[in-house]
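Novice: Each chain is listed here by its residues.
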Amino acid sequence: MDLITFGVQLLNAVQYGMVLFLVASGLTLVFGILGVINLAHGAFYMLGAYLAYWIALMTGNFLVALVGGVAIAFVLGLALESVFIRWLYGRDHLAQVLLSFGLILVIDEARQLLFGKDVHSVAPPDWLSGSLQLTDNLSYPVYRLAICVFCLAVAALIFFVITRTKIGMIVRAGAENREMTRVLGIDYDKVNRLVFATGIALAALGGIVTAPMSTVYPGMGDGMLILSFVVVVLGGIGSVAGAAVGALLIGFTDTFGKVFFPSVSGMLIYLLMAIVLLWRPNGILGRREV
Amino acid sequence: MSTIRRLPPLSRRALLTGAAGAATIAVAPRFATPAIAQTSPLKVGLMLPYTGTFAKLGQFIDDGFRLRVEQAGGKLGGRDVTFVQVDDESKPEAATDNMNRLVGREKVDVVVGTVHSGVAMAMVKVARDSGTLLIIPNAGANDATGPACAPNIFRTSFSNWQTTFPMGKVMADAGIKNVVTITWKYTAGAEMVGAFAENFTRNGGKIVEDLTLPFPQVEFQALITRIAQLKPDAVFSFFAGGGAVKFVKDYAAAGLNKTIPLYGAGFLTDGTIEAQGEAANGIKTTLHYADNLDNPANVAFLKAFKAKTQKDGDIYAVQGFDAAALLDIGLGAVKGDAGARDTMIKAMAAAKIDSPRGPLSFNKAHNPIQNIYLREVKNGRNEMVSIAQAAVDDPARGCKMT
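Line by line, the protein sequences are chains A and B. Residue 219 in the UniProt record's numbering is what sits at position 219 of the first sequence, and the numbering runs on without skipping anything. Residue 219 in the UniProt record's numbering is what sits at position 219 of the second sequence, and the numbering runs on without skipping anything.
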């Protein structure tokens, strides 16, 4: 493999990992900090993509779809948290699994009613729709490059909020010891609501940025849900930095696995997970006992 | 042998079993109750996907079948028809139970189904064990009319082998020497790519590399970069549904559509062409149908289908339509007496149907003998270029029926 192709595969790996990170970081917030196993995370990813399709169709503008889709998902997250999710904190995992599985069915049915079951595609903005010619027969879509940059920016924002702001401090404190933060007089209900809605918004954002890269279809969230859980477990539950490391690792494993070991590429990420968990049972950057 | 089998123990994680059970219960009441029996009308069981990914395909097959029955005045072979519908949801794990229900409890005279090959193979097993007449209006698994063939099983669609075998010669004739194949690593992918490769290498072509990824993954970027690196003369691919759309768009986004022509099985662009948009332009595929087939049967069919459903008919509607036509011939030969099985099956096996897809007859394994068309995507349609191979007959390897 020549250097340029290797470089492009590296780029593919990073780009795939960045999108995975976007979705998985939302899951790690909800799962790691609120302690809620949200099986509907993939469904929100799909919903984001369908919202993007629908808004882009209405307005003809992908950026409006991006902002609008995230906003709708965020508001939906706030509403769901106050009606359903808040009863789940501290409940056993079976209750969480059943409720979130119910959410999957409802979201899927709603998707079918609102948007139908056809496959759709969304056009990226014109200024991002070309490709860069790398060699005579190898070019790279500008949109995929833009996604790398965009995801990096979102990741930086998440890290900034969590490590440098007061709300981030409260979230981290709550993740460590919820009772203590409550005793200190912090309105943790509000924090929970924000964390959950942010998690949902990140899932939807993942679906939205994926939509123009190529398609929107029912069931697109299923594979993403499993991968997100793998990322979260791999990186360490509750650690956003861990999610970033996990997502990139999976991006590399999947990309190079497909090229070098095509016959076993499907199981490589699970092999990776098994090895990592033998080495660090709490995940690469996980600290808490699970 | 026709014992009613219980659902096999679910191998899913314990956490999900409860939810899966709830889903099963939610599905159960969807069985349509049969219409009040008149003077013993023929009972047709339609076991098709009415929900899920393949719902649209199931509905078109259903519409096509009913259109043909309506055209015969609500009768087949002169006998009134009633329907029992079962939604198979494309779930192989529920297929045996659903099929047993139609055969055992509903006591249908014939079962028509289905789209998903895994479900169809379970139906084939029950049909073989119980002797029920089964007409498969889509599923392409080679085995259904191969090792698992039986006198009472017919197919009005295609075998996976059949749709792509002719492409091997087409591409070799076009001067293409080196090809990379890409598909999902599962039965249909292996059968379609295998049949293409069989004919392509026989005609002097060379497969440079077989690329696969697990079904139903859609992250193609790494493999597309690999294709650019290998620089073959052309790519042969099989994907369907959402995966097909994503593959075609990723392929174009990487600029490969300008340098390495993309070929494939017809399912790459059938039913997905609208979502693919401009990225699909110029893709050449083979299938037993094309959007602009200009024969009287197709023109009449498309008009009638549009009038009935307000939708444009496609290959799935044609396959359902032909399933009813085949049954009509069988029942016509026995004056509606479905009890005269041998005569009926003999008539069906000898049937020559003037199908919207062109001339249609059946081989010894009861798989269609039909034209396979080379199509090219132009202006959002799969337009016919030529007949890639006329009267293609699946070799029915492994079929013991004489």
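Any given hint could turn out to be false.
[Stated by the list, open to error] Straight line, CA to CA, 20 Å or less: simulated PhoX-like cross-link-like pairs of lysine-lysine:
(1) B/Lys-185 <-> B/Lys-91
(2) A/Lys-117 <-> B/Lys-91
(3) A/Lys-117 <-> B/Lys-311
(4) A/Lys-166 <-> A/Lys-190
(5) B/Lys-258 <-> B/Lys-378
(6) B/Lys-335 <-> B/Lys-43
Think of the hints as simulated: they come from the structure by calculation, not from any bench.
Novice: Hint by hint, where does the structure go against what was stated? Just the numbers, ascending.
Specialist: Checked against the structure, no hint fails, so every one of them is satisfied.
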